[in-house]
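Sequential numbering from 144 applies to the first sequence in my numbering.
Quick caveat, the hints were computed from the structure, so don't treat them as lab data.
Keeping only pairs whose Cα atoms sit at most 20 angstroms apart, straight-line, the calculated EDC-like set for lysine to aspartate or glutamate is:
no., residue 1, residue 2
1, Lys178, Asp198
2, Lys235, Asp190
3, Lys237, Glu193
4, Lys244, Asp190
5, Lys244, Glu179
6, Lys219, Asp200
7, Lys219, Glu201
8, Lys244, Glu193
9, Lys244, Asp218
10, Lys178, Glu193
11, Lys230, Glu193
12, Lys219, Asp198
13, Lys239, Asp218
14, Lys235, Asp218
15, Lys239, Asp200
16, Lys244, Asp198
17, Lys239, Glu193
18, Lys178, Asp190
19, Lys235, Glu193
20, Lys237, Asp190
21, Lys212, Asp198
22, Lys239, Asp198
23, Lys178, Asp200
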Amino acid sequence: FKKGFAFPDWAYKPESSPGSRQIQLWHFILELLQKEEYQGVIAWQGDYGEFVIKDPDEVARLWGIRKCKPHMNYDKLSRALRYYYNKRILHKTKGKRFTYKFNFSKVVLVNYPILDMANCPFFLTQNHFNGGSAAPDCSPEVRRVWWGDRKRD
DNA sequence: CCCGGAAGGA
DNA sequence: TCCTTCCGGG
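Starting from the given sequences, assemble the full structure and let the hints guide the process.
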């Protein structure tokens with residue numbers, strides 16, 4: 144990455160880092176959001192970065208399978224999502240049931256390398272809502288505008 | 001449903 | 001540290 148592009152440290156956790164050993168919930172959410180077969184379960188809806196959990200029980204079940212937590216449910220999963228509020232990874236869309244919104248100015252898609260940006264969920268969202276308009280280039284300026292150039296807290 | 005404190009696991 | 005579990009309260 145170019146300098147002046149202050150991505151948060153937690154986005155750079157190496158594989159060996161204990162914190163990144165296990166899949167993180169927001170990675171998993173993004174993963175589901177990216178796959179068409181889960182659009183009946185969870186999908187982008189509304190504003191950019193906003194998504195709706197259409198089938199909370201199913202999302203919880205899937206998450207439980209991934210984490211080997213057979214007793215996972217939406218109550219517990221949503222608690223984990225609430226911990227993202229302070230981290231500014233997510234926030235709640237108030238008044239809209241099961242609806243949350245990614246804070247893309249903070250979230251860096253670690254699982255989606257810079258070269259794979261055309262497939263990143265944010266651009267998919269853009270395409271989805273803009274009738275398939277071409278994704279913008281990956282210049283630092285574009286990224287600054289779209290993702291923010293926020294420095295570390 | 002949604003919120004956040006508290007405790008605890010790996 | 002990132003949830004998982006449980007829960008009283010709004």
